[in-house]
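Once you have looked at the hints, place chain B on chain A.
Number of protein chains: 2
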Amino acid sequence: MKMADRRISLDHGSGGKISHKLITDMMVPAFHNEMLARLDDGAVFPVGNRRLAFSTDTYVVDPIFFPGGNIGDLAVNGTVNDLAMCGAKPLYLSAGMVIEEGFPERDLERILRTMSHAADSAGVQVITGDTKVVPRGAADKIFLNTSGIGLIPEGVDISGRHARPGDKILLSGSIADHAVTILTKRAELGFEVSLKSDTAPLNRLVEVMLKACRGIHVLRDPTRGGVGTALNEIALQSRVGIKIHEDRIPVKNEVLGLCELLGFDPLYLANEGKLLAFAGPGDEENLLAAMRSDPVGREACVIGEVVEDHPGTVFMETRIGGERIVDMLTGEQLPRIC
Amino acid sequence: MKMADRRISLDHGSGGKISHKLITDMMVPAFHNEMLARLDDGAVFPVGNRRLAFSTDTYVVDPIFFPGGNIGDLAVNGTVNDLAMCGAKPLYLSAGMVIEEGFPERDLERILRTMSHAADSAGVQVITGDTKVVPRGAADKIFLNTSGIGLIPEGVDISGRHARPGDKILLSGSIADHAVTILTKRAELGFEVSLKSDTAPLNRLVEVMLKACRGIHVLRDPTRGGVGTALNEIALQSRVGIKIHEDRIPVKNEVLGLCELLGFDPLYLANEGKLLAFAGPGDEENLLAAMRSDPVGREACVIGEVVEDHPGTVFMETRIGGERIVDMLTGEQLPRIC
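Chains as they are written, first to last, in the numbering used here: chain A, 197 to 534; chain B, 197 to 534.
Just chain A, with the same shape it has in the complex (with noise of 0.2 Å):
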C-alpha cells in the first residue's frame, strides 16, 4: 500500500509486532538519539554524577473503573513499574488529563483519590500536572498520561540489551489477570467472576531483588503484549534465544477458563503489577528467594533461560513436551487495556 493511504490501526496500539514496527520504523528515526533507540521501558540520562530514569506512558484503559482498581492507581502503577523496570527507584510523578466536556466530578474525584493513596504506597510524589478538558465525544471520558523520573542507585545496570546466554528468567507471579479482567467486564457475561486487576506498584520488590542478588540483566513488565511480546523485545534487544516451559508459567484457574472460552492466549495478555527478571546462572536462588519474601512476588518462579541458538527468537516447550515458536504478539487483542 502506498505511504499516502496507510491509516492508523489499532494493531499499532497493540503492544506487539505493528507497535514495534511504528516505533522502530518511525519514532525512533525521528527523533534519532541513543537513548530513545535503547528501547527500555524508560530512558536514561546522567545528572552530576548521579544517573535518572524518565519514562511516560498514557491510559486509555476502558472501562475507567473495574475490579482491581481504576484508570488512577493504574496510570501510577504503571509509571512507577516503567522506572523500577529501569533498575531506578521512582520518585516523581506527573500527571496529564484529557477529560470529556459531561464528565462526573465524583468519578474524578474518585480517581484523583485513587491516585494520591497509589502514590502514597509507592512512595512516590505527584508534583505537576496539566488538564484539558474537551468537547463531548471528542475524548471517551477521560485519558490520563503520568510521567515519571527515578534515581538509579549507583552499580545498578538494568537493560533489556543485558540479557546472556545461560541467564535463568523468573517470572513474579501469575499471568493475564489484568486484561482478562478487563475483559470479562466488558463483556457482561452473566456470571459472576472473582477476579480483579494484578495492578501493583513493583519498585518495592525490585528493591528487594536488588539487595539480594547483583546479577540482575533484565527487568521487564509485561503490560500490553503480555509476557510472549516482552520476551521477544528482549530476545531481538539482546540478540539471544529464549526458551520458556510453559507447565512452569502461573495461570489462575480462571482466567485459563475465561481464555478457552474467549479464545484469548494468556501468553499475549496484559499483566499490570508482574515482572520478568533475567538473572546470571547462580544467581536465580537467591533472587527467587527474595522475591517470594516480597507480597507481589510471593509467587515466583523460574519459567526459563537464555540460549545461545536462534538469536531473535522465543520458544516454548509446551505441556505436551514439543516445542513451539513464541512470536510477537500479531494484531490486536485488546483495544484500551491499559
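Just so you know, not all the hints are guaranteed correct.
Remember, identical chains collapse to one label, so a pair may be satisfied in a single copy or spanning two.
[As the list claims (entries may be wrong)] The calculated DMTMM-like cross-link candidates involving lysine to aspartate or glutamate, where the alpha carbons are at most 25 Å apart (straight line), are:
| hint | residue 1 | residue 2 |
| --- | --- | --- |
| 1 | K217 | E301 |
| 2 | K448 | D353 |
| 3 | K392 | D353 |
| 4 | K337 | E403 |
| 5 | K337 | E297 |
| 6 | K337 | D201 |
| 7 | K217 | D303 |
| 8 | K392 | E442 |
| 9 | K381 | E456 |
| 10 | K337 | E296 |
| 11 | K213 | D303 |
| 12 | K392 | E519 |
| 13 | K285 | E301 |
| 14 | K213 | E297 |
| 15 | K217 | E297 |
| 16 | K439 | D353 |
| 17 | K392 | D479 |
| 18 | K217 | E296 |
| 19 | K407 | E442 |
| 20 | K337 | D221 |
| 21 | K213 | E403 |
| 22 | K392 | D221 |
| 23 | K213 | D479 |
Treat the hints as calculated values from the structure; they're not laboratory data.
Then chain B, alone, in the frame of chain A:
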C-alpha cells in the same frame, strides 16, 4: 448543586478561573505536596547538588495543522517553554500519543518530523515515548502529551510567588496570535488571513535574559487564558497588586480586527511563543535590551508594574485613561486551543 450531580465542563479546561478552582480545590489537596502547591509552570526538585524542573502538558489542539505550525511543534515548544519559565535549561522530553484508529500515517509522519525539528531547534532530545491507539470515535484524531526535564542554573530562583511591589512587567511581543490563528482557521471566514501561530521555543530568550539580569523574579508564558489570566495567577501567588497599561500591550492590527469581529478580548487569548517577565526596578532597561536582541523578543516592551495596593488584583489603565479590573478569564472562550 450537589457534588454527585456536578460535571466537568469546558470551563474547567479554559485555563481561567474555573480551571484554577479545579486545581486548587481538587488536584492540590489530592496530591498534598509543597512542589505541586507552588502552582508554577513546572515543579522543581533537587538531585544531588543540582535542581531540576519537571513539567507536563497534553495538547488537544483542533485543527491539528494550522498556519505557523501543528500539534507537533506546539507540544515540543509548549513543554520547553514551561521548563524555561522555571528558569531551567530544557534537556529531555517524553512524547505520549493517543491516536484515533484510521489516522493517516502520513499525518503522523508529518507531526513526528515537526516535533523532531522543534526539538532540534530548542536543543532538547525526545528520549522516551508511548503510543496508544483507540477505536474510531474514542478520541478526535490525535492527542499529544509532552513532559520535560530541565536543569536550573545555580543562583536562578524564579517563581510566580516572587513578584514584589516595584517590579516592572515585561512582555516579549504581540499577544493573541496563536488563538486568533486557530480561531480563524476554524471559522472558515471566507477571506484570506495572513496571521500565523506564534509557536516558538523561548528557552534561548530566557538564557539571554538570565545572562543580562540577575533580578528576574517571575517568568510566565501566557498560554491558555492569555496575559489577563497569567497576571491574575501571579498576583494571587505573590499576593501583590498588578497594574498594566492597555496602550503598551502590543496587538497586531489584524488580530485586533478579528477579535472585534468575533467578539473576543485579546487579553484572554492564548499565546504559544510569548513570555511575561517581572524584574526589580532598575533592571528593566538591561533586560529589555537583552530581550530585543533575541529574534523572539524583538518587540519586547514594559507593560506595567507591581503595586502594593489590592493584593491579588490586576488593574488596567485603559486607552481612554480609565481604570478597570482585569479578572481571571471566566468561562471558556476557546476549547482545544492548545
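Right, here's what the structure says about each hint:
1. K217 x E301: between (39 Å within a copy, 13 Å between copies)
2. K448 x D353: Intra 33 Å, inter 54 Å, cutoff 25 Å: neither.
3. K392 x D353: Neither, since 33 Å and 47 Å both go past 25 Å.
4. K337 x E403: neither (36 Å within a copy, 40 Å between copies)
5. K337 x E297: both (8 Å within a copy, 17 Å between copies)
6. K337 x D201: For K337 and D201, the Cα distance is within 25 Å only across copies (16 Å; inside one copy 30 Å).
7. K217 x D303: between (36 Å within a copy, 17 Å between copies)
8. K392 x E442: within (23 Å within a copy, 59 Å between copies)
9. K381 x E456: within (16 Å within a copy, 52 Å between copies)
10. K337 x E296: This pair counts as both: shortest intra-copy Cα distance 5 Å, inter-copy 14 Å.
11. K213 x D303: Answer is between; shortest inter-copy Cα gap is 21 Å, intra-copy 35 Å.
12. K392 x E519: For K392 and E519, neither the intra-copy (32 Å) nor the inter-copy (61 Å) Cα distance is at most 25 Å.
13. K285 x E301: So K285 and E301 fail the 25 Å test inside a copy (33 Å) and across (37 Å) alike.
14. K213 x E297: Between copies only: 17 Å across chains, 35 Å inside a chain, cut-off 25 Å.
15. K217 x E297: Cα proximity of K217 and E297: across copies only (16 Å, versus 34 Å in one copy).
16. K439 x D353: within (24 Å within a copy, 54 Å between copies)
17. K392 x D479: Close neither inside one copy (32 Å) nor across copies (61 Å); limit 25 Å.
18. K217 x E296: between (31 Å within a copy, 18 Å between copies)
19. K407 x E442: Result: close neither inside a copy nor across copies, 29 Å intra and 63 Å inter.
20. K337 x D221: Between copies, since 21 Å is at most 25 Å while 31 Å is not.
21. K213 x E403: neither (31 Å within a copy, 43 Å between copies)
22. K392 x D221: neither (36 Å within a copy, 32 Å between copies)
23. K213 x D479: neither (32 Å within a copy, 58 Å between copies)
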